[in-house]
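Input sequences plus hints: build the corresponding full structure.
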Amino acid sequence: MAPALLLPAVLIVSDSAAHHAAEDHTGPLLSRVFASIRSPSGNRVWDDPEIAIVPDLGSRIQVQIKKWTERTGSDRINLIVTSGGTGFAVKDRTPEAIELLLHKQAPGLVHAMLAASLEVTPFAMMSRPVAGVRAKSIVVTVPGSPKAAKENLEAIIKYLPHACMQAIGANSRQSHAGGVRKLEADVGITSPTELGQNDSAPPADEDQSDTAPSPVKVSFDEGNLLKPPRPSKKHQKDEEPGLISGANSRQSHAGGVRKLEADVGITSPTELGQNDSAPPADEDQSDTAPSPVKVSFDEGNLLKPPRPSKKHQKDEEPGLISGGICRLKDYHRRRRSRSHSRSHSRSVSGPVLRSPSAEPSPPASPSTSLRRSIGSERTIVQDQDNEPSSPITYGCGHHHHGPGHAAPKRHTSHSQRTHNSNDPNAGPTGRYRESPYPMLSVDNALDVIAANTPNPRIIEVPVNEDLVGYVLAEDVYAAEAVPAYRASIVDGYAIVAPEYPGDGTPSTKGDFPVMSISHAEAGAVLPKLEPGEVARVTTGAPIPEGATAVVMVEDTELVSSTPDGKEEGIISVLTDEVRAGENVREPGSDVQEGTRILEQHDLITGHGGEIGLLASTGIKTVRVYAKPVIGVLSTGDELVAHDDPVSELRYGQIRDSNRPSLLSSLRSWGYPFVDLGIARDTPATELEESLRSALRGTLDTPGVDIIITTGGVSMGELDLLKPTVERQLGGTIHFGRVAMKPGKPTTFATIPFKPNTSNTRESRLLFGLPGNPASALVTLNLFVLPCIHQMTGRLPPYGLRRVITRIEEQIRPDPKRREYHRAYIYVRPDGKLSALSTGGQRSSRVGSLKGANGLLIIEPDEDKLRKGDKVNALLMGNVGTY
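The sequence shown runs -18 to -1, 1 to 864 under mature numbering (1 follows the signal peptide of the UniProt record, and there is no 0).
Check the hints yourself; a few may be wrong.
In the BS3-like style, the derived pairs of lysine-lysine whose C-alpha atoms are separated by at most 30 Å in a straight line are [said to hold, decoys possible]:
id: 1; residue 1: K832; residue 2: K852
id: 2; residue 1: K846; residue 2: K798
id: 3; residue 1: K73; residue 2: K86
id: 4; residue 1: K736; residue 2: K118
id: 5; residue 1: K132; residue 2: K49
id: 6; residue 1: K48; residue 2: K129
id: 7; residue 1: K129; residue 2: K86
id: 8; residue 1: K723; residue 2: K852
id: 9; residue 1: K49; residue 2: K140
id: 10; residue 1: K723; residue 2: K846
id: 11; residue 1: K86; residue 2: K814
id: 12; residue 1: K132; residue 2: K48
id: 13; residue 1: K86; residue 2: K49
id: 14; residue 1: K832; residue 2: K49
id: 15; residue 1: K86; residue 2: K48
id: 16; residue 1: K849; residue 2: K798
id: 17; residue 1: K548; residue 2: K510
id: 18; residue 1: K602; residue 2: K49
id: 19; residue 1: K846; residue 2: K73
id: 20; residue 1: K832; residue 2: K814
id: 21; residue 1: K726; residue 2: K548
id: 22; residue 1: K726; residue 2: K602
id: 23; residue 1: K118; residue 2: K49
id: 24; residue 1: K602; residue 2: K510
id: 25; residue 1: K814; residue 2: K846
id: 26; residue 1: K602; residue 2: K723
id: 27; residue 1: K798; residue 2: K832
id: 28; residue 1: K73; residue 2: K49
id: 29; residue 1: K849; residue 2: K832
id: 30; residue 1: K48; residue 2: K736
id: 31; residue 1: K73; residue 2: K118
id: 32; residue 1: K832; residue 2: K73
id: 33; residue 1: K48; residue 2: K118
id: 34; residue 1: K852; residue 2: K814
id: 35; residue 1: K129; residue 2: K140
Simulated restraints on C-beta separations [stated by the list, open to error]:
id: 36; residue 1: S18; residue 2: Q87; range: 36 to 42 Å
id: 37; residue 1: R743; residue 2: G90; range: 31 to 37 Å
id: 38; residue 1: P22; residue 2: M107; range: 30 to 36 Å
id: 39; residue 1: R439; residue 2: D473; range: 48 to 54 Å
id: 40; residue 1: T863; residue 2: G591; range: 21 to 27 Å
Worth flagging that the hints you see were computed from the coordinates, not collected in a lab. Just so you know, even glycine gets a beta-carbon here, dropped at the ideal spot from N, CA and C.
Here it is in structure tokens:
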């Protein structure tokens, strides 16, 4: 019996393929790669992959990855391969979206893919792959190009079954019991030479021309080791626009890799940094160019330097790289012994490696390696036997004391600190003078929120008017047929009508006795109708057995009444064109029993259509995604409740307008909320207690799932939200600044919380919105609403609807930040959308939201916008009228 197949999934990230699936060629190609993989015994290893297509949106990518990684049992996805969005284009954000979801990183897979791709083209360095584990699934990103995606997957696919088995919990000791050789045999590698290595190298004096491929020679400038040379001015001039920021990736790659290589002066993938035409071998080159540093790599293992032969070790110049090993150990030891005897006030300049005229040095230790530092200076790090590693920096230009040339290096970042927020006990002299939180773009902030938003919770609720606003957690099937019986759709007379003229059934034209009456009432049993008889029926009433059609009352007239004059005795049908089935609803003609009437993720709207459909088919309860309970808290000593009976404000006091504004928005969206009141800045413990109380809840109010606060998120000494979340509540600040206007200090955090009903610690979300009224309402719509949509099971895109509108007046963009300009958007008589600004856009001006139903998205790099220009906008309500 063949072993169970591993289940892969392929996610295509492409705007064009999301709109036209036929444009996707990568999915079918990767499917063939999976189908081609066989075990040593000849069995298939991978099942046919599931394929999904999403646009280049981080949130859409994350939703699909989460959906796949949440599956369990036999339906579990073992491997997820994403294709697309890994380059440098503006919309390439797949690595950023995936990295936020990974529980473990897999840099080895990334290295293997890059190494394989670099053997094909040096432009592989333009890819930004990531790989790792989420839950029990391996996740790998590959380029969007079908060819590149196939090459990257083929580089690692033999080894992925082992990783997948470990990810789902296979016993590591058992799987490694046979050692590396058994693992290699399991994936079809019969000898280590197939990994680019030889167990036994041939003797140094043996001719190897027929036994080993010639090493690929890669030349680099001496002054910039491991960095490809800058293209000539001609190449710079002719360079593709796609290599410049903001260029169209599809256009820049239209000519393929070879065109890109030609554009930067690379004539073949093996000649990175080499001249197109080398001078003759007998020509003196000493005066024309410095000798390039030759770096040799095995063809089968491009990035791994081979061991040098004894001959090369003997004759090799110090500092030159031959055979892929830089022998600098003794060279730099001697250099230090000489240079440390005098002052180093003079800068050391020149190339990193010595010229060929330098004196030879003894053979290098095989452990010596060369790395390139990341920074403004070039650093060579020596891994010396029995000696501590000591970086040697060139171009330092200052005096050194003591052994080594270790450059100062910061070993922590803001993200690694225990707390980034101010210490509230330190007072104003101890606070930060600038924010320690990095500035995120709006899109990146939304990605962070999406990655930390908990999965929707499923509950069962009755079908009634309170169902409005919920999202279905599963498909719904009709419990009953609609209608359940043969019913009339008009007021008239049931009759036996012919199916077609001349079929032997009597004509419907003529006089007919009225034999019975059928109303839309329960329990009535009607006698069978014979040809030549009619039965009076009302709309929705069952028609008697034997009847095949219903004649409208408008097509008849009364001939005579019953003797008491109360009922019709005989009626006359005025037409013979009535046919069988006319004006009759057959059982299940509207909805058949057992058919799917609503789908998972459908929203129950307030229009009544969904609830009516559920009720008509006998559905009494449905499973939906729970709505989060949202608490709203204002902070600040200066605040006075808007309905406080105080008749006159004291100096420095303001009315709290944020809380009622936010609560009214939540009510209009249909989500349950808790008014948490106002928390004072002093004493400092009041804010902490308010947040803890909101999470715990009371006998009368539930604990909240999301806390929204306004104020206390800026740089003031009494801006206590961030330190309270981090230091008192043990929470995590995921971001504290966003490049937007208004709303720059918007903060998003998660707080650990253990509910009374569970032993599992959960996370609660906190949105710290700015205190200025316009900022609070704008950021509520931009950040909180998409999070709520995700928590309640809606499908992307989350948040406000996006439209394109023309502006009716000039707008000057902010030079640095994206602006969300409050406006009234309406439909003109010609059917097109226009937008009118609501006036002054100062963030403290709450009046800027009066009458606003949209936010105009004004990018910082745009020129001054003039009347009639088109801009993107977000709709906060219904479109207005002219």
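Which hint numbers doesn't this structure obey? Hint check: 11, 14, 21, 22, 24, 26, 32 and 36 fail, others pass.
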